[in-house]
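K.L.:
For reference, the chains in residue letters:
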Amino acid sequence: MLTGTVIALFAAYSVRFLALAFQSVDSGLERVPRSLDEAARGLGSDRLDVLARVHVPLISTALLTAALVVFTEVMKELPATLLLRPLGGDTLAIAVWQATSESLYETAALPALAIVLVGLLPVALLVRLSRTMSRT
Amino acid sequence: MSVKLESVEKSFGATHAVAGVDLDVRDGELVAVLGPSGCGKTTLLRLIAGFEAPDAGVITVGAEVVADGARAIAPERRRIGMVFQDYALFPHLRVRANVEFGLSRHGADERAALSKRTLELVSLQHKADRYPHELSGGERQRVALARALAPEPAIVLLDEPFSSLDASLRAELRREVELILRDAGATALLVTHDQEEALTLADRLAVMRDGALVQVDAPEAVYSRPVDRWAAEFVGEVNVLPGMARAGKVATDLGSFAAPAVEDGRRVHVAIRPEQLELRRDEHGNAEIVQREFRGHDVLYRLRHEEHRTVIVQLPSVDLFEVGESVFVRPVPAAAAPVVE
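For the protein sequence lines, the chains are A and B, in the order given. Anchor point for the first sequence: position 28 equals 28 in the numbering used here, and the numbering is continuous, going up by one each time. Anchor point for the second sequence: position 79 equals 215 in the numbering used here, and the numbering is continuous, going up by one each time.
Hints may contain errors.
What the hints assert, rightly or not - Example chain B residues on the side facing chain A (calculated, C-beta under 10 Å, incomplete):
| no. | residue |
| --- | --- |
| 1 | Phe187 |
| 2 | Ala210 |
| 3 | Leu225 |
It should be emphasised that the hints constitute simulated quantities derived from the structure, not laboratory data. C-beta atoms are modelled at their ideal positions from N, C-alpha and C, and glycine is treated no differently.
Construct the entire structure; sequences and hints are all you get.
P.N.:
Following this line, the structure appears as structure tokens:
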């Protein structure tokens, strides 16, 4: 019933890429020592406040990294998108697939190039992020 | 504010980390809990802070019961200030923001005034805009202390606060921290395995072993009148000598010592500190020097007394004795040796 809606696509992507994002965020969280949690609790912060004032700022890089990696993956994802996409909504990956399946290689060239270019942006950002991370 | 622990117990599985502790920290007092690693002293601190809940017993902060066997108030509602072994400063915040972390319920003006005053108390007002990684170890510790003191907590809890500092820095910071705590009028509980630290800092000393407090008293009383052999040996160096009680005295190989409470004919042990013994050169003496440990301001001699027993003697490094020398060892006139076993 949900097939063909944006909600279904979101659900599918979440399941498909959760592990990927989790890995990055988890390794970020592991580097926050427990004494920081406790220090904040002792200073009057409840759990939610500790999350907002200590964890989120400390793992912001890890969160951004996860977001970029997932973005890149979602952009070129094909099977789930093909099955669940709403009518009339095509992604770049689908445009390429449709064109190539009909041997219209010239038509496929533009969206393919777009995937490469848009995919490069997060890569450039990730490189910069990893540089700032290794510095601190 | 005062803190009171009554029959507090905490187990982790089969381990009784804290086994029935009673402790009363009075308002404005600095109490040190001294014990070997694994004796449960850190757990005790965490129980007061609220990071652990006791299985039984009552913990009172001021007039409020913060934990009993049934329920425990969350740490953020206990008004405690904790200084961690690794300081636990927030790396993403400047010094000022670290100190102001616990002041979010105050208005902006009051917050600024409080953090300014607290940073002045620890003499770090000029580092307010630095990040923790830009500070030295000693400065980080003072920030940790300022952060704990700023919200004016009922009690400051310090968990081995000097253990990650260089030995040369330690003595200096110890004095500084003590002055800061006294200036702030804070009530404080310090946990340490370093006897020198505990003896020099604390108003009262609580000696802890296997989850229980074996003795709670003024440092000089713990040192000169240990309750048992273990406490005597754990706090400082000591000679434990066997003897026989007779007419209010215990006769040992090194002389008799007053022991009014011991019944006649009982075999007991007394503890005599190495600085309560003196040496005299004597070719026909009762001991021979086996080892000499030169420590700068004083010297620790290890003697073989009457062919078998090892006795340690500590003397100022004025007139040095040589290894192999024959000496006469005896207690100084004012020596007191409490019965410990």
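K.L.:
Taking each numbered hint in turn, which are not upheld by the structure, reported in ascending numerical order?
P.N.:
Result: no hint breaks.
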